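We have chain C already, so just place chains B and F on it with the hints.
First to last, the protein sequences are chains C, B and F. So the number in the numbering used here is just where the residue sits in the first sequence, counting from 1, plus 15. So the number in the numbering used here is just where the residue sits in the second sequence, counting from 1, plus 15. So the number in the numbering used here is just where the residue sits in the third sequence, counting from 1, plus 15.
Treat the hints as calculated values from the structure; they're not laboratory data. Quick caveat: nothing in here was measured; it's all calculated off a predicted structure. Check before you lean on any hint, since a few could be wrong.
Pairs count within a copy or across copies, as identical chains cannot be separated in the list.
To be verified - Listed below are the simulated DSS-like cross-link pairs for lysine-lysine, each with C-alpha atoms no more than 30 angstroms apart in a straight line:
(1) LYS203 / LYS255
(2) LYS129 / LYS203
(3) LYS229 / LYS358
(4) LYS129 / LYS192
(5) LYS18 / LYS192
(6) LYS129 / LYS229
(7) LYS197 / LYS18
(8) LYS129 / LYS358
(9) LYS197 / LYS229
(10) LYS192 / LYS229
(11) LYS197 / LYS255
(12) LYS229 / LYS18
(13) LYS358 / LYS192
(14) LYS229 / LYS255
(15) LYS129 / LYS255
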Amino acid sequence: MSKTNPGNFFEDFQVGQVIEHATPRTVTEGDRAAYGSLYPTRFALPSSAAFAASVGLEQHPVEELIGFHIAFGKTVPDVSLNAVANLGYAECRFHQPVVPGDTLSTRSEVIGLKQNSNGRSGVVYVRSTATNQRGEVVIDWARWVMVHKRVSTGSGPLRSDPEGTAAPETVIPELAKAVDAKNLIVPKGLDFSSYDFTAAGEPHRLADYEVGEKIDHVDGVTLTASEHQQATRLWQNTAKVHFNVEARPDGRNLVYGGHIISLARALSFNGLANAQLVAAINAGAHTSPAFAGDTVYAWSEVLDRTVLDSGETDAAGVGALRLRLVATKGRDESMTLRGEDGKYAPGVLLDLDYWTLIPA
Amino acid sequence: MSKTNPGNFFEDFQVGQVIEHATPRTVTEGDRAAYGSLYPTRFALPSSAAFAASVGLEQHPVEELIGFHIAFGKTVPDVSLNAVANLGYAECRFHQPVVPGDTLSTRSEVIGLKQNSNGRSGVVYVRSTATNQRGEVVIDWARWVMVHKRVSTGSGPLRSDPEGTAAPETVIPELAKAVDAKNLIVPKGLDFSSYDFTAAGEPHRLADYEVGEKIDHVDGVTLTASEHQQATRLWQNTAKVHFNVEARPDGRNLVYGGHIISLARALSFNGLANAQLVAAINAGAHTSPAFAGDTVYAWSEVLDRTVLDSGETDAAGVGALRLRLVATKGRDESMTLRGEDGKYAPGVLLDLDYWTLIPA
Amino acid sequence: MSKTNPGNFFEDFQVGQVIEHATPRTVTEGDRAAYGSLYPTRFALPSSAAFAASVGLEQHPVEELIGFHIAFGKTVPDVSLNAVANLGYAECRFHQPVVPGDTLSTRSEVIGLKQNSNGRSGVVYVRSTATNQRGEVVIDWARWVMVHKRVSTGSGPLRSDPEGTAAPETVIPELAKAVDAKNLIVPKGLDFSSYDFTAAGEPHRLADYEVGEKIDHVDGVTLTASEHQQATRLWQNTAKVHFNVEARPDGRNLVYGGHIISLARALSFNGLANAQLVAAINAGAHTSPAFAGDTVYAWSEVLDRTVLDSGETDAAGVGALRLRLVATKGRDESMTLRGEDGKYAPGVLLDLDYWTLIPA
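Extracted from the complex, chain C is given alone in its bound form (with noise of 0.2 angstroms):
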């Protein structure tokens, strides 16, 4: 029907056109006790308002990733409703913390398009900004995902072009490899000086995590069909292969890849309680697809870490630890991301890269 939204395919991009989403969405406390029921989360910060005001926040933040999960749903509709694949994320800052009473809305923008050699389809790339109800960026990120061309629909041999639509001229973004560590930001007022490691939960300091250190998480979440889509309504993310068993060929449920996103990063507060806070994501990949009943659970190794000079961020105590979040199916005490063929590990779910605030 003419009124509703088929979503866009790949023809209907191009480099430069600027999408704006819809749906604004305010954030409640609502959603920080709503998150806490999906996720095994137990960072100080964002439980507890008195531990927020301890380090220096004038308002109670909300996780880091309920407000990524919210503005990345916003796009769904009109930039990956007809994926093939999520093909990865990039340069993603989180540039104020997000408080109850706000809302977030995404603008996108198409930074780049290669059509693939099949015809078939094409890669995507965007610059996605959500801003808050005063117009300040609140998280900016690029993405590129897989999209169907709008003849090639259906699981048939490749129809013909009916409207003979050339392929885009190629043009690829360049994008950095991790956020670099100087341009992170640190909310304003942030003062780890007088840091309540007893409230936290452990003692480490950013100092007492060594590059190339891998942490196993030792905790498993055994995944429910309603909890997924809980999430995934929450954040108002469309996408049908979450919600409706009809939509796929083995009619099971596939989990919205940002719920194991969430849940790896909650397991991972055993061992990186003091890391309170995302700054950034420097790249993500769900590597394999994640189905009610399966358990997960995940590891960490510590990619880099810094002391945040205090003259240019303004902040106290603070360091940048960055990381690689990986959740597995199953545990995996060896903590192996890939096989000896290079390719990620049979149980490998998600391989993340991120830079998290924690006391220096």
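Frame of chain C, contents of chains B and F only:
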């Protein structure tokens, strides 16, 4: 035991009787988040405090159906705990938006009675009114249910009537087929004259909908056991068949009809994104039971449309769109309501006739 | 790995030791909604801000069990992560209502130790105290758990004790069988003298309950996998057996005992609607495990009743009703707690002894 509430039976009702229902209930931001985790709702007005302010509302309302489910739930222990079937609704009007902090209470008056010829049950008609903490009417509606007689409970043959209760005089109230558009109530201050169609997600305004037009809302959602139970509990609805597998011979929990209404309304966003508020429910029939595992789709038919006279209603740019909202088990792209025999088509779960407010 | 928390073993506890538990937690309106979606609670006071104000409370408390579960959950990583069994509670008092915005922290003192004769485990007694952001005591309680010795973990034969740890001196604290009614704390301002029995849902006041009276709460709720996990996570309770099917040989997640307490308390509304507040927990035993698919019912027995002296407690019209709350798997209309052998009847899941506040 004498201290527990067995619910009322048909013999317990008299025309003119007023029942003050128990359990006043305060609505919170937690309810908004819970609703958003249970239904894929994306209407901009209840989603965004900023959007609500931009259309002239002083506070940020929750979805009208949150208020309706709560107000309705209060009547269950007194009116329909021993119901055989929920037969219909009529004349439901939303008098003012419900905002977090509002406390809802419900009162019902018995407006009709008709004993069935089998002598084992009868139809009870009630008019229910929900008020807030200031005593203002928030929602009112009429409803009729078939209720067991006390003597006829159980599945065996008709037992003798020990009290020899005579059938009451039959009183059938006159109820309007639909709320007249001129009786619709527009929330104070609502002003669609500078409505942001981009933020709302679709460009269609009142004039873009033709009477008789049908809209297939495309998306489907598979029901899970815990989600409908969580919803039903949230509204403090106590009907046993929704929670207790031992209360039904087939060992399956029946999905609360209101869950299907909310789900279908949320799905209708895709094609009706600007039908921001529910102003009235004219009629509703739950035509078939739904269970966990069913995948629910929805389609709508435009029944009527009218521009509301701003002189009378103090509304600017507000139109009213009357819709039939049909939920189906499995997608029916043919959008067939009834078979050749005039009966509802097999997959139809819900046939709801309601008024929405939309930019004129 | 050295950075993760393996929990304490029996050898790690000494009498007099004080443990400051991690993760302060702010209670919000989101918790009230989440609780309402998980339990069929209808007590008017926590349901309605207007009702709470009408009985003299300045703010709108959440259910006492929300505070209890949160405060209790904080102790799990330090006290009972390696527990064989949760043996009992005693002397739990609710010192003041918890309201949204309160941040709870918990501290425990070890008050007793007794190594088991098998040398593989021992009983640890702790007294735990939850305080709010102003340092005021909110809840305190004693609890004893059987905890593995480090050397005995695993299911194989007893391994040698490498450190040759001797059994500690046995110290068994004296704990009251029940909190004395004169030590119950009535919330500041609570005044039941103009209590609205209609809004509360039942007419029964203190004097209507006879010691020895039993009440069958009639209704049953079937447990689902995701609901008990959502609850347990909400309280940041980290016990693995509730979340991870791989953590148990039978591949089934054990339902958190506190979930059964909250469910039974909610079911007890039907017959005890005016027992609005929980003032103390005298004792509690989780007598049998519960799993998804079980249908839970509840019955109560009146153990004691007393009018609280308003001179001492500043309470008007407040009575205290001491109840035994029994949760069962499957309905037991005979309300049999124990078999002829003195052991708990097979279907009994929970035997809880607690004090409530009710209009006198």
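The hints, checked one at a time:
Taking the closest pair of Cα atoms, LYS203 and LYS255 never come within 30 angstroms of each other, the shortest separation being 39 angstroms inside a single copy and 37 angstroms across copies. Neither within a single protomer nor between protomers do LYS129 and LYS203 lie at most 30 angstroms apart by alpha-carbon distance, with minima of 39 angstroms and 51 angstroms respectively. Proximity of LYS229 to LYS358 under the C-alpha cut-off of 30 angstroms is restricted to the intra-copy arrangement: shortest distance 19 angstroms within a copy versus 49 angstroms between copies. Proximity of LYS129 and LYS192 under a CA criterion of 30 angstroms is satisfied intra-copy only: 20 angstroms inside one chain copy versus 57 angstroms between copies.
Taking identical chains as interchangeable, the C-alpha atoms of LYS18 and LYS192 lie at most 30 angstroms apart only when they sit on different chains, with a minimum of 28 angstroms there against 41 angstroms within one chain. Taking the shortest alpha-carbon separations for LYS129 and LYS229, neither the intra-copy value of 37 angstroms nor the inter-copy value of 38 angstroms comes in at or below 30 angstroms. For the homomeric pair LYS197 and LYS18, the shortest alpha-carbon distance between copies (27 angstroms) is at most 30 angstroms, but the shortest distance inside one copy (47 angstroms) is not. Taking CA atoms no more than 30 angstroms apart as the test, LYS129 paired with LYS358 passes inside one copy only; the shortest distance there is 24 angstroms, against 53 angstroms between copies.
Proximity of LYS197 to LYS229 under the C-alpha cut-off of 30 angstroms is restricted to the intra-copy arrangement: shortest distance 24 angstroms within a copy versus 55 angstroms between copies. For a Cα distance limit of 30 angstroms, the shortest separation of LYS192 from LYS229 inside one copy, 21 angstroms, qualifies, whereas the shortest one across copies, 49 angstroms, does not. Taking the shortest Cα distances, LYS197 and LYS255 never come within 30 angstroms of each other, neither inside one copy (39 angstroms) nor across copies (39 angstroms). Only between protomers do LYS229 and LYS18 lie at most 30 angstroms apart by alpha-carbon distance; the minimum there is 10 angstroms, versus 52 angstroms within a single protomer.
For the homomeric pair LYS358 and LYS192, the shortest alpha-carbon distance inside one copy (19 angstroms) is at most 30 angstroms, but the shortest distance between copies (62 angstroms) is not. Taking the shortest Cα distances, LYS229 and LYS255 sit within 30 angstroms of each other only across copies (22 angstroms), while inside one copy they are farther apart (36 angstroms). Within a single copy, LYS129 and LYS255 get their C-alpha atoms as close as 25 angstroms, which meets the 30 angstroms cut-off; across copies the closest is 46 angstroms, which misses it.
The earlier numbered hints that this structure contradicts are 1, 2, 6, 11.
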